[in-house]
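Residues per chain are reported as follows:
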Amino acid sequence: MDKVNGKTKFNLIDVLVIITVLVIVAAVIFFVITRGMTNANVKKYSISYTVKITPVSEDNLKLIRVGDTVLDSATAQTLGKIISIKTEKVINITGAYETDEAGNKVAVAGEYENLYVLFVTISGECVVDEHDIASVAGNRILVGAPLYFADGNYASTVYCTDFTIEGGR
Amino acid sequence: MARNKPVEKSRFNVFDILIILIVVACITALVLRLYVFNGVALNKKTEVSFSVNNIMQSTAEEMLKSVQNGTNLYLTSNNEVIGYVTDIKAERSTVFVEDENGNQIEVFHPTNWNIVGTAVLYGTEGDLGFYVNGTTRAEINSVVYVYTTRVQFEMTLTSISAPSDRN
Numbered sequence: 002m003d004k005v006n007g008k009t010k011f012n013l014i015d016v017l018v019i020i021t022v023l024v025i026v027a028a029v030i031f032f033v034i035t036r037g038m039t040n041a042n043v044k045k046y047s048i049s050y051t052v053k054i055t056p057v058s059e060d061n062l063k064l065i066r067v068g069d070t071v072l073d074s075a076t077a078q079t080l081g082k083i084i085s086i087k088t089e090k091v092i093n094i095t096g097a098y099e100t101d102e103a104g105n106k107v108a109v110a111g112e113y114e115n116l117y118v119l120f121v122t123i124s125g126e127c128v129v130d131e132h133d134i135a136s137v138a139g140n141r142i143l144v145g146a147p148l149y150f151a152d153g154n155y156a157s158t159v160y161c162t163d164f165t166i167e168g169g170r
Numbered sequence: 002m003a004r005n006k007p008v009e010k011s012r013f014n015v016f017d018i019l020i021i022l023i024v025v026a027c028i029t030a031l032v033l034r035l036y037v038f039n040g041v042a043l044n045k046k047t048e049v050s051f052s053v054n055n056i057m058q059s060t061a062e063e064m065l066k067s068v069q070n071g072t073n074l075y076l077t078s079n080n081e082v083i084g085y086v087t088d089i090k091a092e093r094s095t096v097f098v099e100d101e102n103g104n105q106i107e108v109f110h111p112t113n114w115n116i117v118g119t120a121v122l123y124g125t126e127g128d129l130g131f132y133v134n135g136t137t138r139a140e141i142n143s144v145v146y147v148y149t150t151r152v153q154f155e156m157t158l159t160s161i162s163a164p165s166d167r168n
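Sequence lines, in order, name chains U and E. Everything in the first sequence is counted per this note's numbering, starting at 2 for the first residue and increasing by one. Everything in the second sequence is counted per this note's numbering, starting at 2 for the first residue and increasing by one.
Hints in this document: simulated from the structure, not taken from any laboratory. Keep in mind that the hints are not guaranteed to be accurate.
[To be verified] Straight-line C-alpha distance at most 30 Å; calculated DSSO-like pairs for lysine-lysine:
#, chain 1, residue 1, chain 2, residue 2
1, U, Lys-45, U, Lys-87
2, U, Lys-106, E, Lys-90
3, U, Lys-106, U, Lys-63
4, E, Lys-66, U, Lys-87
5, U, Lys-87, E, Lys-90
6, U, Lys-63, U, Lys-53
7, U, Lys-53, U, Lys-82
8, U, Lys-90, U, Lys-53
9, E, Lys-90, U, Lys-53
10, U, Lys-90, E, Lys-90
11, U, Lys-87, U, Lys-53
12, U, Lys-63, U, Lys-90
13, E, Lys-66, E, Lys-90
14, E, Lys-45, E, Lys-90
15, U, Lys-82, U, Lys-45
16, U, Lys-82, U, Lys-44
17, U, Lys-82, U, Lys-63
18, U, Lys-63, U, Lys-87
19, E, Lys-45, U, Lys-106
20, U, Lys-90, E, Lys-66
21, E, Lys-66, U, Lys-82
22, E, Lys-66, U, Lys-44
23, U, Lys-53, E, Lys-66
24, U, Lys-106, U, Lys-90
25, U, Lys-45, E, Lys-45
Based on the sequences and whatever the hints tell you, model everything.
In structure tokens:
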């Protein structure tokens, strides 16, 4: 800055510096916004995927129903709708063992009276990235991947056990 | 008599130069970070053996079907390729029970399976050994969280070979 008659005034260099800073700020804002927009423009596919919920007590079985909308409990975004539920009892190791037909010793499995494993199949929409990896509401849908399941009645961390993407991708 | 105002030309002063230098340094640093030093150079590789323990039979079958020699492994935390699988097979999980004499014996688990395999992982070499992706120190029994295009799993490292240069 220059001093003219004792007053501080802008000079050409100050203007150039201010313009440069404004351009940098604008570029950063543009980069952040367009990165978000890129995701919004990605093509969506139908996906059905199964998650394993365990253990669920007998009293809570009725809280998870076909037709329920499932949300990601961490972000409240929709993961899809429940289209089927398969129920099995949770097993335990009894401490006994038996010998199978091949001569292998195998631990004998028992069942808990009131604890269940639920295999819940959810139908929703996914996006597929450049590596052919599907995600629903920002969650990767892969066998073994965790999801934060919440259907308005019951919440749990669950794991994906299977998935099918429209068109067999 | 009219007096002319003193006219002073725009001139650089030391603060202008400082501001320009700072702005240029910031832009240079940003460009270097984005396009040149974008992450740690993973210039080493190592071959590891790994296991994925106590998984459902259907998950083990899915892994055998979809993970093959050459399948890329992505790091769960940053989605970068950190290596590839070279071999994979499934084994039944085991548990310990007591036999009729009260001795502990190892028998097969009725439902669970383990996956065992080998993989090449990329990383860096430091004073304390090999670092997968430059961040996770590779040690026996350490866990690396990875995924492929079909499955996500926790690799427990069971052996680690000496690092070599990545070609």
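Status of the hints after comparison with the structure:
1. Lys-45/U / Lys-87/U: holds, 27 Å
2. Lys-106/U / Lys-90/E: holds, 21 Å
3. Lys-106/U / Lys-63/U: violated, 38 Å
4. Lys-66/E / Lys-87/U: Given pair Lys-66/E, Lys-87/U holds - Cα atoms ~24 Å apart, limit 30 Å.
5. Lys-87/U / Lys-90/E: Distance ~29 Å between Lys-87/U and Lys-90/E Cα, so the pair holds.
6. Lys-63/U / Lys-53/U: holds, 16 Å
7. Lys-53/U / Lys-82/U: Since the Cα atoms of Lys-53/U and Lys-82/U sit roughly 15 Å apart, the hinted pair holds (cutoff 30 Å).
8. Lys-90/U / Lys-53/U: Holds: Lys-90/U and Lys-53/U sit about 12 Å apart, inside 30 Å.
9. Lys-90/E / Lys-53/U: With Cα atoms ~24 Å apart, Lys-90/E and Lys-53/U stay inside 30 Å; holds.
10. Lys-90/U / Lys-90/E: holds, 28 Å
11. Lys-87/U / Lys-53/U: holds, 10 Å
12. Lys-63/U / Lys-90/U: holds, 15 Å
13. Lys-66/E / Lys-90/E: holds, 10 Å
14. Lys-45/E / Lys-90/E: Between Lys-45/E and Lys-90/E the Cα gap is close to 26 Å, so the pair holds against 30 Å.
15. Lys-82/U / Lys-45/U: holds, 16 Å
16. Lys-82/U / Lys-44/U: Judged against 30 Å, a Cα distance of about 20 Å means the pair holds.
17. Lys-82/U / Lys-63/U: With a Cα-Cα distance of about 16 Å, the restraint between Lys-82/U and Lys-63/U holds, given a limit of 30 Å.
18. Lys-63/U / Lys-87/U: Holds, at roughly 13 Å.
19. Lys-45/E / Lys-106/U: violated, 44 Å
20. Lys-90/U / Lys-66/E: Holds: Lys-90/U and Lys-66/E sit about 27 Å apart, inside 30 Å.
21. Lys-66/E / Lys-82/U: holds, 28 Å
22. Lys-66/E / Lys-44/U: holds, 27 Å
23. Lys-53/U / Lys-66/E: Distance of about 20 Å is within 30 Å: holds.
24. Lys-106/U / Lys-90/U: Given that 30 Å is the threshold and the Cα spacing comes to 23 Å, the pair holds.
25. Lys-45/U / Lys-45/E: violated, 38 Å
Checked against the numbered hints listed earlier, the structure breaks hints 3, 19 and 25; every other hint is satisfied.
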